[in-house]
Amino acid sequence: MLRNWRQRITLTDIVVWGIGVSIGIVIVVGTITTLISEKYSAATWLDLTVKGLALGGVYALIAMGYTLVYGILRMINFAHSEVFMSGPFTAVFLANAFSRSGFLDRQPVISMVLVTLLSMAVSMTIAVLLERIAYRPLRTAPRLVPLITAIGASFFLQYTFRGLYGSGFEAYPIPKVLQGSFVIGSIRIFSTQIVVILGAIAMMVTLYAIVQWTKIGKSMRAVSEDKEVAALMGIDVDRTIALTFALGGISAGAAGILYALLFPVVNFFMGFIPGLKAFTAAVLGGIGNVAGAFLGAIVIGLIESVGPNLFFDGLGIPTPAQMKDAIAFAILVFILIFRPTGILGERLAEAKA
Amino acid sequence: MQTKKISPWILTLRSGLVGGAVAILISLVGMVAAFSERFIVSGWFTMGQVLFLAPILLFSYTAVRRIAPQPSWITLLGGALTGLVSGALLAVLAFLIHAAPGIRDMFDKASFQLLEVLTFDLGVPNGLPGLLLISIVIGCLAGGEYLLPERLRRAFITGLVIVFLIGLLRDLIMTVVNQWVDKAKSFPDWATWSAPILTFIQNFFRRQIFAASGLKPLSAIVLFALISGLNYWRSGKPKQVRKPVAGDPRARTRLILRLSGWGLVLLLLPLVLGIFFAEILDNVGLYIMMGLGLNIVVGFAGLLDLGYVAFYAIGAYTMGVLTSPELGFFNLTYWEALPFALGASFLAGVLLGLPVLKMRGDYLAIVTLGFGEIVRLLALSDWLRPWLGGTQGIQRIAQPQLGGLVLNTQVELYYLFLVGIAIVAFVAWRLKDSRLGRSWMALREDEDVARAMGINHVTTKLLAFATGAIFSGLAGTIFAAKLQSVYPHSMNFLVSINVLSLIIIGGMGSIPGVFVGALALIAAPDLLREFAEYRYLVYGAVLVAMMLTRPEGLWPEERRKLELHEVEEVIEETAEEKFAPLAGTTD
Numbered sequence: 069m070l071r072n073w074r075q076r077i078t079l080t081d082i083v084v085w086g087i088g089v090s091i092g093i094v095i096v097v098g099t100i101t102t103l104i105s106e107k108y109s110a111a112t113w114l115d116l117t118v119k120g121l122a123l124g125g126v127y128a129l130i131a132m133g134y135t136l137v138y139g140i141l142r143m144i145n146f147a148h149s150e151v152f153m154s155g156p157f158t159a160v161f162l163a164n165a166f167s168r169s170g171f172l173d174r175q176p177v178i179s180m181v182l183v184t185l186l187s188m189a190v191s192m193t194i195a196v197l198l199e200r201i202a203y204r205p206l207r208t209a210p211r212l213v214p215l216i217t218a219i220g221a222s223f224f225l226q227y228t229f230r231g232l233y234g235s236g237f238e239a240y241p242i243p244k245v246l247q248g249s250f251v252i253g254s255i256r257i258f259s260t261q262i263v264v265i266l267g268a269i270a271m272m273v274t275l276y277a278i279v280q281w282t283k284i285g286k287s288m289r290a291v292s293e294d295k296e297v298a299a300l301m302g303i304d305v306d307r308t309i310a311l312t313f314a315l316g317g318i319s320a321g322a323a324g325i326l327y328a329l330l331f332p333v334v335n336f337f338m339g340f341i342p343g344l345k346a347f348t349a350a351v352l353g354g355i356g357n358v359a360g361a362f363l364g365a366i367v368i369g370l371i372e373s374v375g376p377n378l379f380f381d382g383l384g385i386p387t388p389a390q391m392k393d394a395i396a397f398a399i400l401v402f403i404l405i406f407r408p409t410g411i412l413g414e415r416l417a418e419a420k421a
Numbered sequence: 014m015q016t017k018k019i020s021p022w023i024l025t026l027r028s029g030l031v032g033g034a035v036a037i038l039i040s041l042v043g044m045v046a047a048f049s050e051r052f053i054v055s056g057w058f059t060m061g062q063v064l065f066l067a068p069i070l071l072f073s074y075t076a077v078r079r080i081a082p083q084p085s086w087i088t089l090l091g092g093a094l095t096g097l098v099s100g101a102l103l104a105v106l107a108f109l110i111h112a113a114p115g116i117r118d119m120f121d122k123a124s125f126q127l128l129e130v131l132t133f134d135l136g137v138p139n140g141l142p143g144l145l146l147i148s149i150v151i152g153c154l155a156g157g158e159y160l161l162p163e164r165l166r167r168a169f170i171t172g173l174v175i176v177f178l179i180g181l182l183r184d185l186i187m188t189v190v191n192q193w194v195d196k197a198k199s200f201p202d203w204a205t206w207s208a209p210i211l212t213f214i215q216n217f218f219r220r221q222i223f224a225a226s227g228l229k230p231l232s233a234i235v236l237f238a239l240i241s242g243l244n245y246w247r248s249g250k251p252k253q254v255r256k257p258v259a260g261d262p263r264a265r266t267r268l269i270l271r272l273s274g275w276g277l278v279l280l281l282l283p284l285v286l287g288i289f290f291a292e293i294l295d296n297v298g299l300y301i302m303m304g305l306g307l308n309i310v311v312g313f314a315g316l317l318d319l320g321y322v323a324f325y326a327i328g329a330y331t332m333g334v335l336t337s338p339e340l341g342f343f344n345l346t347y348w349e350a351l352p353f354a355l356g357a358s359f360l361a362g363v364l365l366g367l368p369v370l371k372m373r374g375d376y377l378a379i380v381t382l383g384f385g386e387i388v389r390l391l392a393l394s395d396w397l398r399p400w401l402g403g404t405q406g407i408q409r410i411a412q413p414q415l416g417g418l419v420l421n422t423q424v425e426l427y428y429l430f431l432v433g434i435a436i437v438a439f440v441a442w443r444l445k446d447s448r449l450g451r452s453w454m455a456l457r458e459d460e461d462v463a464r465a466m467g468i469n470h471v472t473t474k475l476l477a478f479a480t481g482a483i484f485s486g487l488a489g490t491i492f493a494a495k496l497q498s499v500y501p502h503s504m505n506f507l508v509s510i511n512v513l514s515l516i517i518i519g520g521m522g523s524i525p526g527v528f529v530g531a532l533a534l535i536a537a538p539d540l541l542r543e544f545a546e547y548r549y550l551v552y553g554a555v556l557v558a559m560m561l562t563r564p565e566g567l568w569p570e571e572r573r574k575l576e577l578h579e580v581e582e583v584i585e586e587t588a589e590e591k592f593a594p595l596a597g598t599t600d
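First to last, the sequence lines map onto chains A and B. In this note's numbering, each residue's number is its place in the first sequence (first place is 1) plus 68. In this note's numbering, each residue's number is its place in the second sequence (first place is 1) plus 13.
Since the hints were derived computationally from the structure, they do not count as laboratory data. The beta carbon of each residue, even a glycine, is placed where N, CA and C say it ideally should be. Among these hints, one or two may not hold up.
[What the hints assert, rightly or not] Covered stretches of chain B (in silico footprint by chain A; criterion: 3 or more residues with CB under 8 Å from a CB of chain A, positions within the stretch not fixed):
1) 38–44
2) 116–127
3) 360–370
4) 379–392
5) 555–566
[Stated by the list, open to error] Label pairs and their calculated CB-CB ranges:
6) D446(B) with I100(A): 34 to 44 Å
7) E293(A) with W22(B): 40 to 50 Å
8) R307(A) with W275(B): 48 to 58 Å
9) P205(A) with P338(B): 53 to 63 Å
10) R211(A) with T562(B): 13 to 23 Å
11) T472(B) with A239(A): 47 to 57 Å
12) E293(A) with V363(B): 32 to 42 Å
13) T80(A) with L178(B): 49 to 59 Å
[Claimed, not checked] Derived, one-sided and incomplete: chain B residues facing chain A with beta-carbon distance under 10 Å:
14) G315
15) L317
16) L319
17) E349
18) D395
With these hints in hand, go ahead and build the complete structure from the sequences.
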C-alpha cells in the first residue's frame, strides 16, 4: 500500500499540495486570530453574511448562463459577462426615464418589472445573436477556436456598448420604497438586499423548474448528453442550443438588475469581475450542474463578503477589502487544482476538465 | 445538412438589412463622426463616409456573389437593391436623429455631427434622398465590380485600396517629409545640395498631391489610374517560375543579399522616420517580444494563457525593486538586475505551470486569467505597498547603460529592442524545430498520444511556460526602463488580450506571423489617433471574423493550418464517399 502511494506521488503533486496546505494554514491562522481579537461584533458578521447571500444570489443567476452553456456545448461562454452587462446598461435608460417622470416612485412594482423585462430582453437578444453569429459556425472546430472567438466577442461587445452608451458611469435610480433599511435584533438589513435575495430565489426556482420539468428542459438535457442521438430522437438541436443561450441570457438580464440594486452604478466594464466570479461559482458547484451553480454562488458570495476581514484582518494586512477579488480568483485556481469536478459535479469525469 | 433554395431577391434583401445594421452600428458607436474630419480625397469624401459606406459595398458584393450566376442586369439590380435597403436603414437613423433629438440621451454618439455626415452636409430634406441615391450607386458599383473580369477587378481594387491608404496616411507622410526639410538646415557642407531637392519634394507633396487633409481630387484620380494600370499591366505578364535548385550558390548569395538588405532597412528605419515613428516602433517591438513568448506557450504548446501580463509585470517589478533608489533596497544597474528579473519570471512561469499541468483548454485559460489578476491585485494592494509601491508604483528605475551612454531616447531604445527581438526570435526559431519544439507540437495535437510516445509532459509544459515567461519578463524589464517607472494599472488584462490578438491574427505558432500581427494591431492604432478609442472594439471584431473565416491567421504556420482544416477535409471526404454512388446513378 505504502509503496503504491510512493510510486504514484510525483514531485509536482508535492509542490501543489504544499502550496495548497500553506494557503490553508494561513486562512486558519488568520481566522483564529481575527476571532480572538474580537475586533468585529457578531452583528457585523451577520451584516456581512446577509450581504454575501445577496451577492451570492446575483452570482447564481449569472452562473446559470455559464453552466447551461457548458453543459450543452462543453465550452466556456467567455462573453457571458457582456451578456450580463448589456441588460442593465440598456435598461438604466428606461429606469432613468421613469425616475424623471416620477413613475418610478408612484408605481415602483410596475416600473421595476418593466425595467427588468427590458433588461432580460436585451441580454437574451445579445446571447442569441452571439450564438447564431459567432458560435454556431464553429461547433465542429478545435476547442481553442470557439474559446478565442468568445474572448473576441467579449471585447467587441464591451467596447460596442461603450461606444453606444458612452464610457461614463450611469447612476441607477432606485425607487424610494427600497431605499430604506430596517433592523432585526441588532442586524441592519437593507430593503434592496431582501429584494435581491427573494428575486434571485424566485428566478432560480423558475429556471430549475424549466430545466427539470418542461419539454424544453428535457430536450436541453438530451442535447447535452448526446447531440447526435438527440437529433435522431427528433429534437431540433440548433433550436435547443439557441433556447439554452436565451435562457442563460434571460437569467443574466435579471441578475443585472439585481446587481444594479446592490451597486447602483452601471458602466460598460461592469460585467468582467462579476462574470469571472460567477464562473468561479459555476466551477465550484460543478459546472454543468444547475443546483451546483446555485450552491457554488452562495459560497462565493459569502466568502467574498466575509472572507477578507475574517482571513486577513488577524494577520495584520491593511485594508483587507482590497483582497476580495484576489480571494475569489484564488478560490477558482484552487478548486480547479484540487477538485475540478466541483462540489456536486461527480457526473463530469476528468476527461472533460 | 440540406440547403434550401432561397430566392435571390430575399437573399439581397437580407444582405441589405445586415449591411444596414452594420452601418448603423458603426455610426452609433461614434466611429463615423470621429473620422468625419479626416478627408481621404479633399472636398469629396472623408474617412467617416468611407466607414458607413464600406459595409454597404461589402454586403452588396457578397449578396451579388451569393446570387450568382445571374444575367448581368439582375446582378446590377441585386446590388442596387441591397444598397437601397441598407441606405434606407441608415436614412431611418438619420431621420430619427433629426426628428427625435431625445435619442441622444441614450445613444451618446447620435449627434448632429453624425447627422451631417450621414446627409453629406446637404441638410435633411436633400440629404436623405442623397443618401439613398448614393447607397444605390454603391450597390450598383458592387454589382458592376463583380461583372468585371478577374484581372481587371483585381487591378481596380488594388488601386482603390492604395489610393485610400495614401489619402488616409497623408499627415504621417507629410510629417516625415517636413522633418527632413527641417533636418536639411543643419546638414554638413557636403550635403547642402540636397536641401533644395527636399524643399521641392515638400512643396510638390503639399501643393500638388495633398490638400490640407487627404489627397487632391486630381492627384487621387491620377494615382488611381497609375496604380491600377501598373497592376493590370504586371498581372498580364506571365509569371517566371524559378525552381529552387539545392546548393545553387546564386540562390544563397541572393538570400544573403536580401537578408542584409532587410537588416539595413531595420537599422535605418527610426533614423529615417523620426522620433514619432521611433516611439511607435518601440511599442511594436515590445509587443513583438511578448508575442514571440506567448507564441511559444499558445502557438507551439497549445496552452491558452490569458494571464500572460503577469510575467511581464513580474519582470518589470523585479527590475523596479532591484534598481529604484526610491525604494532603496538594492540600487543595482539595469544589467546587474536583468538576470534576477529573468530568473524571477522563469520561477513564476514554473510556479504557474505546476498547478495547471492537468488542465486543458478553457479551464487553463480561466486559471491563468485569475493568476494574472491576482498578480495585479497584489501589486495594487496596500499590503505590499512598502515593497511594490501600491497604486503609485515604482519610479526612477535604472536605464540600461553601454559604456558612458545611457539608452534613454526612443531611437536608442529601438536598437535595444532590435537586439532583444533578434535574440528572442532566434531562440524561438531554433526551438521550434528542436526536440523540445516537436514535443510541444505533439502535446498540442494530442496530449494522450504524445505521452504514450514517451514525451514527459511535465517538463515539456513547464518549459513552455517558463520560456514564454522569460521572454515576457525581458519585455517587462525594457518597458520599465523605458518609462523609468511601473504602475499596477499598466499591467491589466488588456495587455494579455493585445498579445493574444496579435499572435492569433498573425497566425498561431508562426514566428513571422507575430511580426505581421504586431504591425497590424499595435502600429495601426498608434498611427491613426481617432482609431485609438475603437481599438478593442476592432480587435474583438477581427478576432471573431478571423476565427470564422481564416483561423490559421494572416501568415499561417504550415502544420497548424493542416490541423485546423483537418476536420473540414474529413467532412468533405465522407461527403464525397456518401454521394459518390449517387453521382454514379444520375449518369
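* To do: Can you let me know if the beta-carbon spacing of E293(A) and V363(B) is within 32 to 42 Å?
  => Because 40 Å falls inside the window, the suggested range holds.
* So the hint says 34 to 44 Å: do the beta-carbon atoms of D446(B) and I100(A) match that? -> With a Cβ separation near 56 Å, D446(B) and I100(A) fall outside 34 to 44 Å, so the hint is violated.
* When the least beta-carbon distance from L317(B) to chain A is tested against 10 Å, hint result -> Since chain A brings a Cβ to about 6 Å from L317(B), closer than 10 Å, the hint holds.
* To do: Mind checking the CB of D395(B) against every CB in chain A and telling me if the closest is under 10 Å?
  => holds (4 Å)
* Asked: Given as covered by chain A, does the segment 360–370 of chain B meet the bar of three residues or more with CB within less than 8 Å?
  -> holds (count 4)
* Check the following: the C-beta atoms of P205(A) and P338(B) are separated by a distance inside 53 to 63 Å. => holds (56 Å)
* Asked: With a Cβ-Cβ cutoff of 8 Å, does the segment 38–44 of chain B contain at least three residues near chain A?
  -> That given contact holds, which follows from 5 residues of the segment 38–44 of chain B lying within Cβ reach (below 8 Å) of chain A.
* To do: Would you settle whether the hint for G315(B) is holds or violated, based on the nearest Cβ-Cβ distance to chain A being less than 10 Å?
  => Check passed: Cβ of G315(B) comes within 7 Å of chain A, closer than 10 Å.
* Given L319(B) was flagged as interface, is its beta-carbon under 10 Å from a beta-carbon of chain A? -> Holds - the Cβ of L319(B) comes within 10 Å of chain A, reaching about 8 Å at its closest.
* Outcome, coverage of the segment 116–127 of chain B by chain A - at least 3 residues whose beta-carbon is closer than 8 Å to one in that chain -> holds (count 5)
* Examine the segment 555–566 of chain B for residues whose CB is less than 8 Å from any CB of chain A, and state whether their number is three or more. => Held - the segment 555–566 of chain B has 7 residues with a Cβ nearer than 8 Å to chain A, which meets the minimum of three.
* Are T472(B) and A239(A) spaced within 47 to 57 Å by their CB atoms? -> holds (54 Å)
Hints 6 and 17 from the earlier list are contradicted by this structure; the remaining hints agree with it.
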